[in-house]
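Q: Below are the chains, spelled out letter by letter.
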Amino acid sequence: MLNKFKTKQRMLLTAVLMSGMLGAGAVNADVDSIHFLIPGGAGGGWDGTARGTGEALTNAGLIDSASYQNMSGGGGGKAIAHLIETADQAHGTLMVNSTPIVIRSLSKVFPQSFRDLTPIAATIGDFGAFVVRSDSNYQTFGDVVADYKANPKSVIIAGGSARGSMDHLVAAMAFKAAGANPNKVKYLAFDGGGKAMAGLLSGEAGLLSTGFSEALALAAAGEVRILVMTGDQRSDAAPEVQTLQEQGYDASFVNWRGFFGAPSLSDAEADEYAQTLAEMYKTEAWEKVRARNGWTEIFKPRAEFVTFLEQQEEVVGNLMRELGFL
Amino acid sequence: MLDGMFSGLATALMPFNLLMVVAGCFAGTFIGMLPGLGPISAVALMIPITYTLDPSSGIILMAGVYYGAVFGGSTSSILINAPGCASTLVTTFDGYPLAQKNQAGKALALAAYASFTGGTIGAIILIFTAPALASVSLSFQSADYFALMLLGLTSVAAFSGKGQVIKAMMMTVFGLMIATVGNDVITGAPRYTFGALDLVDGVSFLLLAMATFALAEVMMTIMRGQMHGSEQAMQPVALSSMKLSRDEVKEVAPTIARSSVFGFVVGVLPGAGATIASFLAYGLERNIAPPRLRKMFGKGALRGLAAPESANNAASTGSFVPLLTLGIPGSGTTAIMLGALIAYGIQPGPRLYLDHPDVFWSVIISMYFGNLVLLVLNLPLIPYISRLLAIPPQILNPLIIFFSIIGVYLVSFNTFDIQMMVFITLLAVGLKLLNFPMAPMLLGFILGGMLEKNLSRALVVSDGSFDFLWQRPLTFSIVCITVVILVLPWLFGLVKSRLKATLPAAD
Chain U
1 MLNKFKTKQR MLLTAVLMSG MLGAGAVNAD VDSIHFLIPG GAGGGWDGTA
51 RGTGEALTNA GLIDSASYQN MSGGGGGKAI AHLIETADQA HGTLMVNSTP
101 IVIRSLSKVF PQSFRDLTPI AATIGDFGAF VVRSDSNYQT FGDVVADYKA
151 NPKSVIIAGG SARGSMDHLV AAMAFKAAGA NPNKVKYLAF DGGGKAMAGL
201 LSGEAGLLST GFSEALALAA AGEVRILVMT GDQRSDAAPE VQTLQEQGYD
251 ASFVNWRGFF GAPSLSDAEA DEYAQTLAEM YKTEAWEKVR ARNGWTEIFK
301 PRAEFVTFLE QQEEVVGNLM RELGFL
Chain H
1 MLDGMFSGLA TALMPFNLLM VVAGCFAGTF IGMLPGLGPI SAVALMIPIT
51 YTLDPSSGII LMAGVYYGAV FGGSTSSILI NAPGCASTLV TTFDGYPLAQ
101 KNQAGKALAL AAYASFTGGT IGAIILIFTA PALASVSLSF QSADYFALML
151 LGLTSVAAFS GKGQVIKAMM MTVFGLMIAT VGNDVITGAP RYTFGALDLV
201 DGVSFLLLAM ATFALAEVMM TIMRGQMHGS EQAMQPVALS SMKLSRDEVK
251 EVAPTIARSS VFGFVVGVLP GAGATIASFL AYGLERNIAP PRLRKMFGKG
301 ALRGLAAPES ANNAASTGSF VPLLTLGIPG SGTTAIMLGA LIAYGIQPGP
351 RLYLDHPDVF WSVIISMYFG NLVLLVLNLP LIPYISRLLA IPPQILNPLI
401 IFFSIIGVYL VSFNTFDIQM MVFITLLAVG LKLLNFPMAP MLLGFILGGM
451 LEKNLSRALV VSDGSFDFLW QRPLTFSIVC ITVVILVLPW LFGLVKSRLK
501 ATLPAAD
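Just so you know, the protein sequences line up as chains U and H, in that order.
Residue numbering for the first sequence is 1 to 326, as defined by the working numbering.
Residue numbering for the second sequence is 1 to 507, as defined by the working numbering.
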């Protein structure tokens, strides 16, 4: 009950702050409103990112209003095509997307790539992680590699997405960095991380490849522990978890989420969006949304974002060619 | 543990939380009643509201909306053949024929009693065994799911009707074929998409169900009216008494008890869920029904209505076991609730009932109240709700079409889905005119998809060998039951004809 009163007070405070800031915001920010295009249905990761970002931006007074449009189909391809077709009327639209746009345009799920859009910024990111049952013999990734090299068939990896998509590619990337043949990875694809976790706990798989933040939540439940993660450095959220690089494997991977504008957006317009997003990080409204979702900040605006996308495309593309997906 | 239960009981009994139960049940029932709008849409609508509540109240509200929507979904299934959500599709098989026979009141009342019993039995099992059941939901591997789906397919005869076994088989295979459209999870390769972006995500079960049941039925009604050319064929169906006779109660009571327990167990498995539970319970009941009653299935059998209704509610309750004790969502709806829990900073898992006993127990105990609320809320409303049938067809039919299309569109926000619905509806009408049953196709679609995925996974694990069928006791037992069910009727027939041949005088 006490909690509830606090929340109410906080809401009142935010409302007061908001009305104060709205006046100030109208003078400073050049972006008044944003229409978020979400390439998936309600309740998914893209949906949460767009709505959370919109909520933070409006609550902080950086924009006056945000609207949202869900458009699923074709693994996100439908929304990309829509944004390109309606580009001239869509200067007020930002589309949310993430690493799969790189993977799916490489594997030709849809014909377009990020080059057909105007990259605005990557805003949040999540690393990959390998998870084992608490009673597993594996203590480091090296133990897994030793088993794999002795008999590739003895290691079974579960993941929450199809063969050839992120969870599988991250696992293959790690084995490749260890000098093992990534082609022989026995990968079990499940519909979603939850069912993949059940596959790990039922003993069907020995290793689970998943996102780091999801892995943290699973590890907090006590049934599993995180063997290793794919960041360049350890994460503040769980400083005890080692990185692949620390354990001696030169591989890192980050699953970014970010925003794209219509192809005909001018540089000035795109920079304004990036500026608005940059200002968001300092606000309390953002911190509230970020903490609620457990997001990690990785701000890469404009040119930096493009460079990053090109690098990721190259690394992932090489890997997919080696695995025979391209 | 008792301490936790009592603090949970106290939390659940707080006036505000009781209000949340009532509000959740009411909102859920209402949203669920609209064809095509199911628990996922209903629970997703509640997310912004729950942010302002404390964890127990928020989850109690969401749970109320969830089983309220499953409860409400049966109403539109029975009255207009339009399932409110995937898990109430099977309810149409016998519920709609009952309504057509002027027994809508009885059908709705039976559905309410069956749902109530299913939900209550589920909640009671949950209270006493939730922590222990966690291990059950983890005992199933892909090989076991494969065997379970195989067992489910043996019930195809239950969905075929008289003399239509061949047509039912053909439709099952057709359903299996539709299930293969889209990006294959196991290989990552697109199949039967013909290069079209819109087919990459495959065909959704809800879309298929709405098109082949709700929309196709509307088309048939319209055509029937025109064929006969008389007003009589378009006459609205009258409401009957809601009372069940003592014999009828005796007939359905064992079915409800069996289906509740069975549905709960299937609901506990993260890879199955409420829709599968309702299909399996229906098939099971038909297989064990005496021949006299078996003939009634699909034509308005009370058992055929009671079985899926108790099973889907018990399964919805059962799906809270993996959610609360392991943090594993078994369905889209529970995945949204998991997100809400984590947003509160509460990590579901084996320690939840130790770390947050008030949340854990108050949610479970509130489910018990919730089912009571649903019954009290819904029974008096039945006469009014079934007035829906008194609406003249020229108004009701467009409304059904409108809500069915909106319901499907709101899940995907993809206009191609609407075009696909129209196409499938036309196809379904054609097949219906040729007397092909629709239910086996949906059975093939939902079981076939899972059958294939689990088979592929089991084959990956076993390096392509079919050893997995007998290597684990659990898999082997389910396979044996399947074989027995397939062979037994044939064996009985053989023995009977032998006996007849040797002992002609015995007759």
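Hints listed in this document are in silico derivations from the structure and should not be mistaken for laboratory results.
Only a predicted model underlies this, so the values are computations on that prediction, with no experimental measurement involved.
All C-beta atoms in this analysis are idealised placements derived from N, C-alpha and C, irrespective of residue type, glycine included.
Misleading hints may appear alongside valid ones.
[Stated by the list, open to error] Here are a few chain H residues that face chain U, going by a calculated C-beta distance under 7 Å: (1) Gly188; (2) Val200; (3) Val460.
[What the hints assert, rightly or not] Calculated pairs, SDA-like style, for lysine to any residue (alpha carbon to alpha carbon, straight line, at most 20 Å): (4) Lys186(U) with Thr187(H); (5) Lys153(U) with Gly182(H); (6) Lys108(U) with Gly182(H); (7) Lys288(U) with Leu199(H); (8) Lys186(U) with Lys299(H); (9) Lys108(U) with Arg133(U); (10) Lys108(U) with Leu338(H); (11) Lys108(U) with Gly105(H); (12) Lys299(H) with Thr52(H); (13) Lys167(H) with Ala253(H); (14) Lys153(U) with Gly105(H); (15) Lys108(U) with Leu199(H); (16) Lys288(U) with Thr52(H); (17) Lys184(U) with Gly206(U); (18) Lys108(U) with Asn318(U); (19) Lys108(U) with Ala285(U); (20) Lys243(H) with Ala253(H).
Q: For every hint, state whether the structure bears it out.
A: Structure-based check of each hint:
no., hint, in the structure
1, Gly188, "3 Å, holds"
2, Val200, "5 Å, holds"
3, Val460, "6 Å, holds"
4, Lys186(U) with Thr187(H), "12 Å, holds"
5, Lys153(U) with Gly182(H), "29 Å, violated"
6, Lys108(U) with Gly182(H), "14 Å, holds"
7, Lys288(U) with Leu199(H), "38 Å, violated"
8, Lys186(U) with Lys299(H), "48 Å, violated"
9, Lys108(U) with Arg133(U), "36 Å, violated"
10, Lys108(U) with Leu338(H), "33 Å, violated"
11, Lys108(U) with Gly105(H), "54 Å, violated"
12, Lys299(H) with Thr52(H), "48 Å, violated"
13, Lys167(H) with Ala253(H), "33 Å, violated"
14, Lys153(U) with Gly105(H), "59 Å, violated"
15, Lys108(U) with Leu199(H), "14 Å, holds"
16, Lys288(U) with Thr52(H), "13 Å, holds"
17, Lys184(U) with Gly206(U), "15 Å, holds"
18, Lys108(U) with Asn318(U), "15 Å, holds"
19, Lys108(U) with Ala285(U), "38 Å, violated"
20, Lys243(H) with Ala253(H), "15 Å, holds"
Going through the hint list in order, the structure does not satisfy hints 5, 7, 8, 9, 10, 11, 12, 13, 14, 19.
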